[in-house]
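Asks: We have chain G already, so just place chains H, Z and U on it with the hints.
There are 4 protein chains.
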Amino acid sequence: MGNSFGRIFRISTFGESHGLGLGVVIDGCPAGVAIDEDFIREEMQRRKPGQSKITTQRKEEDDFKILSGVFEGKSTGTPIGMVIMNTDQKSKDYSHISDKFRPSHADYTYFEKYGIRDYRGGGRSSARETAARVAAGAIAKMLLKHFEISIHAYVSQVGDLKLEKNYRDLDLTLTESNIVRCPDPQMAEEMISFIDGVRKDRDTVGGIVSCVAQGVPPGIGEPVFDRLHAELGKAMLSINAVKGFEYGSGFEGVKMRGSDHNDTFYRDGDKVRTKTNHSGGIQGGISNGEDIYFNVAFKPVATIMQDQESVNESGDAVLVSGKGRHDPCVVPRAVPIVEAMCALVLADYLLISRTNKL
Amino acid sequence: MGNSFGRIFRISTFGESHGLGLGVVIDGCPAGVAIDEDFIREEMQRRKPGQSKITTQRKEEDDFKILSGVFEGKSTGTPIGMVIMNTDQKSKDYSHISDKFRPSHADYTYFEKYGIRDYRGGGRSSARETAARVAAGAIAKMLLKHFEISIHAYVSQVGDLKLEKNYRDLDLTLTESNIVRCPDPQMAEEMISFIDGVRKDRDTVGGIVSCVAQGVPPGIGEPVFDRLHAELGKAMLSINAVKGFEYGSGFEGVKMRGSDHNDTFYRDGDKVRTKTNHSGGIQGGISNGEDIYFNVAFKPVATIMQDQESVNESGDAVLVSGKGRHDPCVVPRAVPIVEAMCALVLADYLLISRTNKL
Amino acid sequence: MGNSFGRIFRISTFGESHGLGLGVVIDGCPAGVAIDEDFIREEMQRRKPGQSKITTQRKEEDDFKILSGVFEGKSTGTPIGMVIMNTDQKSKDYSHISDKFRPSHADYTYFEKYGIRDYRGGGRSSARETAARVAAGAIAKMLLKHFEISIHAYVSQVGDLKLEKNYRDLDLTLTESNIVRCPDPQMAEEMISFIDGVRKDRDTVGGIVSCVAQGVPPGIGEPVFDRLHAELGKAMLSINAVKGFEYGSGFEGVKMRGSDHNDTFYRDGDKVRTKTNHSGGIQGGISNGEDIYFNVAFKPVATIMQDQESVNESGDAVLVSGKGRHDPCVVPRAVPIVEAMCALVLADYLLISRTNKL
Amino acid sequence: MGNSFGRIFRISTFGESHGLGLGVVIDGCPAGVAIDEDFIREEMQRRKPGQSKITTQRKEEDDFKILSGVFEGKSTGTPIGMVIMNTDQKSKDYSHISDKFRPSHADYTYFEKYGIRDYRGGGRSSARETAARVAAGAIAKMLLKHFEISIHAYVSQVGDLKLEKNYRDLDLTLTESNIVRCPDPQMAEEMISFIDGVRKDRDTVGGIVSCVAQGVPPGIGEPVFDRLHAELGKAMLSINAVKGFEYGSGFEGVKMRGSDHNDTFYRDGDKVRTKTNHSGGIQGGISNGEDIYFNVAFKPVATIMQDQESVNESGDAVLVSGKGRHDPCVVPRAVPIVEAMCALVLADYLLISRTNKL
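Chains as they are written, first to last, in this note's numbering: chain G, 6 to 363; chain H, 6 to 363; chain Z, 6 to 363; chain U, 6 to 363.
Hints may contain errors.
No copy is singled out in the list; a pair is fine if it fits within one copy or between any two copies.
[As the list claims (entries may be wrong)] Pairs of lysine to aspartate or glutamate residues, derived as EDC-like cross-links and limited to a Cα-Cα distance of at most 16 angstroms, are as follows:
{"id": "1", "residue 1": "K280", "residue 2": "E314"}
{"id": "2", "residue 1": "K167", "residue 2": "E257"}
{"id": "3", "residue 1": "K276", "residue 2": "E318"}
{"id": "4", "residue 1": "K276", "residue 2": "D321"}
{"id": "5", "residue 1": "K58", "residue 2": "E194"}
{"id": "6", "residue 1": "K58", "residue 2": "D206"}
Bear in mind the hints are in silico, worked out from the structure with no lab data behind them. Computed from a predicted structure; not experimentally measured.
Only chain G is shown next, with the shape it has when bound in the complex (with noise of 0.2 angstroms):
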């Protein structure tokens, strides 16, 4: 259980770190999306391990295939199966750390659960996983594409580095143009600096990625448990080291009085449009057509290239030693992941949607 994502449009995703490959199954996406190949592809470039100085120097090529589920360019509405081999599974020597727990990590938590564990690189728990979600995403994209539903990450703080602004004040466009994914250029600078140095360091640092979702239209979310915002905020957090998600206001509404933070409204043509969005465009669960934008907190990466005290399966008192070549901030990798979660439950909620009226 808790390996799919979704009701109707849903999907499955199945694979381990240094298995001979992963991938997803999308069941529910709507015949006839046009599939483009190429975009998927791209989608998965942002994500992979390897693309700058400041992710980690693996290597993975990612190359997928579809199996089914499209025919003649277009989804088939029967599942889309995806496959992502793993290329160089077997390469690698884990026995040093085959039965100790890493700190932070999910290795002792999946072996008291399981009682038995893959350890190499992390096994089901790794991020490699979300190669898998990213390709799903993409599709997903491709479908809000129909619908005019456009969907942009970025990165807005890394360690103390907090990008003030708004995602109004900011040029979006700008975000792939550097390596952290931070559109406005002077704190990109600022922000790929520091990570370098804290790479340098042989440490690790958190950061956020801010994301909006423009042109959904009213009427897109469930009611009670299943709110557009509860089902976003789930998304974020299932993506590895995530710890916490807000949406409109957030944490900083709670200062606020309801004087101030009620969003107005007004006509604005045939449209009902707010005057502001503290609501981040989500009312009752249920999107009111404003934007809708929400930050996702992810914490440093627990894998450093430093020393640390840990226990084994037999509770002994071990060293564990960093090794490899892994990710000294999550963030940047992590935008295209943020994007593709928020595509499928947009994807989800819009399918459901047509089931609301007689």
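Replies: Leaving out everything else, chains H, Z and U in the frame of chain G:
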């Protein structure tokens, strides 16, 4: 869709603010749980309106009946159906808002979604629905009691008044000793006085509820999409007026270095423990045996005792007048709701975890 | 688990035979369905005990209340909660069977499963639960009415008395004209007389309910596991006392050659039709626009007015005496239940089919 | 939707007859199940085409790869992803049927549902999809083996040739000793000869597969909608070409009297047993410890080697010519599929039952 929560221990709620009644069906409660109706009643008293000068003065009796699933004081394994009748649902005149959209309420979005809405007191989008959650949560708590798992929530912030102390430095048994439900008596007084001032301004203010779950054994949680904290996050974000969720180090954690943030393992008798707990008791989405703790951010209540500009269903500009008896700050009454949702998630995941191993 | 049915149009039932009450929550009924409470009442009258000399003489009023989800005569899109209170639940003495396992009832299996059981009248395993299904099914029928889909069930066999005519050769409007619900008046009389004889023998007998759904457009159903007939089959097999299900050519079809069995397509105006309908209106699990028809086999009622050997909870040999007022044959009262379950399946699949295409 | 099955032990299949490949993801297999790849291969051999003169002569190698979820010979609790590549998917010319609707196939209904279809070999509606089920079913069987639960299916009828003996009077170990998979050698010969004649007539014929599950402990199954036999029925009806399902006394049971049909309980050592087993091992939807047995009716294969009248996508009258290599009777190859689906249901329910009691 959207009115059920959980997979094994699964609840479905129904009912509008001003319909005949509301209720909940719990499917999947194991047989043999000792059901104490007085305890359910106490939990509901903690949520009910009219309990103090800083909550709404509206009176709702919230008297419930268990219709099924309990026999001779114990759960039977069959669905537990509970109803809470609305005693005065016909008494009020809603004609003054029947076609108006109240700012930052769900009036507009429900109308867009369904093309029809029950305008009486917000209908289904009213926080009255949470009465059913608290009733179900009480059952979940009684289940968790058999496993010595306990849950304590409390108010840690109101407006700018923030309790800087960690839950470990507080005497949580004091939470219920004051009407704002803050376990620090000094801060509680300040908060009460502050909320009372906001109320006199005919305004509202937000706040934060913190929660800690103790006694959760290691191994509870599911990988990937249904990570324990992702489901907790969804559960909290599904509560009316919630804008954010963080667990463990949360948003503050983004500023930390990995070398500080990582929770080092050590052996404590026959247990594996961590020296720090930035992980908030959850690693890779699965509990590690440490305390689970998180914060939930609530916006200021949307209903204010002031006139506000808006539009009606025809799109005409209208004035919405503040009427009735509403909460100046929602967090004191949100405390039992946060606990209830936490209990529901833990009960569900505890049962699921029984299927993990051969 | 097990007390909900459907994915989009989803019902959850609760309640025991002799608890305070039973009920159902319908989540996912689209907004705008005209709700006629009299129609629901009529449907429940068709199921209720005590309606004729060939059904149980027990009196249950089955008066329901809609607690939510309906406003000003229409569904609002929010959950429809309905309760049916048990008026005389405390009147009876069950001590004579409280620790005995009645043969071919669920007493033993519930006890094995839950370690506890509500022995009063079978508790949750009682067919009284189907009252909630019929109430929910009436809502589903009202939804289907908007799409001109109609459902007719009738008794086609009782013991050896088998109606050899196909539904096309019967006047289905006659079904409700007699107490056995067989549309052939001659056969109806024979069946009534036969059942009456069985009753006088203090025994019971089985039978078959046939059902036809007309007006279902082509394209309703899901591939692979959720084939429309698979879900119909599950729905029917979930009714108390059902032992078999077949659709279209059914078990007789196994004897046919493909060249006879295949339904040849032809054009009829702007429609594609089939010359024969051995497919029962479903091909590859998806409706083809022809009539959907199927048969449901019911075993003889397990409660007989005779002494039977059995064991009790301690494993001792005991005698179970037949007491109370029970149905000599269940099929006349099963007719509305079969229709209700069929309506629930069709309503659910109709809504799901809206998500198939771009 | 529709491509997943099960709640805890849950499979999702994907793949078309002539796409790149097909596969299955199993989520919820407990950790620790010994995985024998040879056994999976054997099971797939039983299903694969070209195995004898009375099945299709098409050659498909059905070679699978386990991509994830198995480590050092055991399941790890994470999703088991399996793929079966289609080796010759591009070799064939389908232009002769690309816009024609084959009678009693799913061509027309898929086209109506999705507005688009993969016409190569039936696409998703092809029985090739069952290869993935058999692979998943083999994993389920290996899980059940740990609990000493075994499943045996066999052919009990082909056309009018019906094996009158009950499974108790047959030597089920003989099932695999002949190509029709009937455990009665005499009847097997008759069936083989009969099918061969049908094949020479360029026609097809239906049949019945019977199945028995032994060793299922009492208490497995869920009340009300998810009765064990209802889920078994759905599982069987979801197999291509199935038209009916009955368990225990089945359709014959309708003719019986309750006094004959009821299964009397008695004590056998420390077990509660029943003297007869008309209940088919299931009472109230829950296993009672006796053998579970049922019958599955298959229609004659729709593809016949004869010309048939039909229409094309434009509605024009066309002739569909029988081409290729197809099964004259599907039941011999359906035996392992019936077993696989039965194993999947039992594995799922076995795990669910762990959550029933405190």
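Asks: Tell me the numbers of any earlier hints that the structure contravenes, in ascending order.
Replies: As far as the earlier hints go, not one is violated by this structure.
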